[in-house]
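Chemist: Work out the full structure, taking the sequences as your base and the hints as a guide.
Heads up: the sequence shown runs through residues 1 to 104, numbered per the numbering used here.
Any given hint might turn out to be false.
[Stated by the list, open to error] For lysine to aspartate or glutamate, the following EDC-like pairs were computed, each having C-alpha atoms within a straight-line distance of at most 16 Å:
#1 K22 / D87
#2 K47 / D59
#3 K97 / D87
#4 K89 / D18
#5 K22 / D90
[Claimed, not checked] The following label-pair restraints were derived from C-beta to C-beta distances:
#6 S84 / Q21: 13 to 21 Å
#7 Q21 / N52: 31 to 39 Å
#8 F14 / N65: 15 to 23 Å
No wet-lab data here; the hints were simulated from the structure. Virtual Cβ for every residue (Gly too), placed ideally from N, Cα, C.
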Amino acid sequence: MNLHPSDPTNALRFLSIDAVQKANSGHPGMPMGMAEIATSLWSNHLKHNPSNPNWFNRDRFVLSNGHGSMLLYSLLHLTGYKLSINDLKDFRQLKSKTPGHPEY
Numbered sequence: 001m002n003l004h005p006s007d008p009t010n011a012l013r014f015l016s017i018d019a020v021q022k023a024n025s026g027h028p029g030m031p032m033g034m035a036e037i038a039t040s041l042w043s044n045h046l047k048h049n050p051s052n053p054n055w056f057n058r059d060r061f062v063l064s065n066g067h068g069s070m071l072l073y074s075l076l077h078l079t080g081y082k083l084s085i086n087d088l089k090d091f092r093q094l095k096s097k098t099p100g101h102p103e104y
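Modeler: Right, here's the structure in full:
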């Protein structure tokens, strides 16, 4: 597979690795392995709108594996949702927007 420079797949991987490393806790394997699939789903198949995250007709992406939450956080950040790079840096910290196992 040839990656185009604008392909966010490797950005997803590196954001995930960096956040897990900084937290000194977490599981980078799932985000690493699922980055290509997530990029394809998010870019080519799911209907969503970062400007209107509560849009009624949006598709829902359910990630039942909490260990891979960093993949979802990276996707949200890279596609324009209100999740900053500082939120990613706070991965697995108390009261952060990016807990290790999301509850909602």
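Chemist: Please go over all the hints and tell whether each is borne out by the structure.
Modeler: Here is how each hint holds up against the structure:
A distance of roughly 12 Å separates the Cα atoms of K22 and D87; the hinted pair therefore holds under the 16 Å criterion. With a CA separation close to 5 Å, the supplied pair K47 and D59 stays within the 16 Å bound. A C-alpha spacing of about 6 Å is found between K97 and D87, which places the hinted pair at or below 16 Å, so the restraint holds. A threshold of 16 Å between alpha carbons decides the hint, and for K89 with D18 the separation of about 8 Å falls inside it, so the pair holds.
Pair hint K22 plus D90 holds up; C-alpha atoms about 9 Å apart against a cutoff of 16 Å. Between S84 and Q21, the C-beta spacing of about 19 Å keeps the proposed range 13 to 21 Å intact. Against the hinted window of 31 to 39 Å, the Cβ-Cβ separation of Q21 and N52 comes to about 34 Å, which satisfies the hint. Checked against the given bound of 15 to 23 Å, the beta carbons of F14 and N65, roughly 20 Å apart, stay inside it.
In summary, this structure violates none of the numbered hints.
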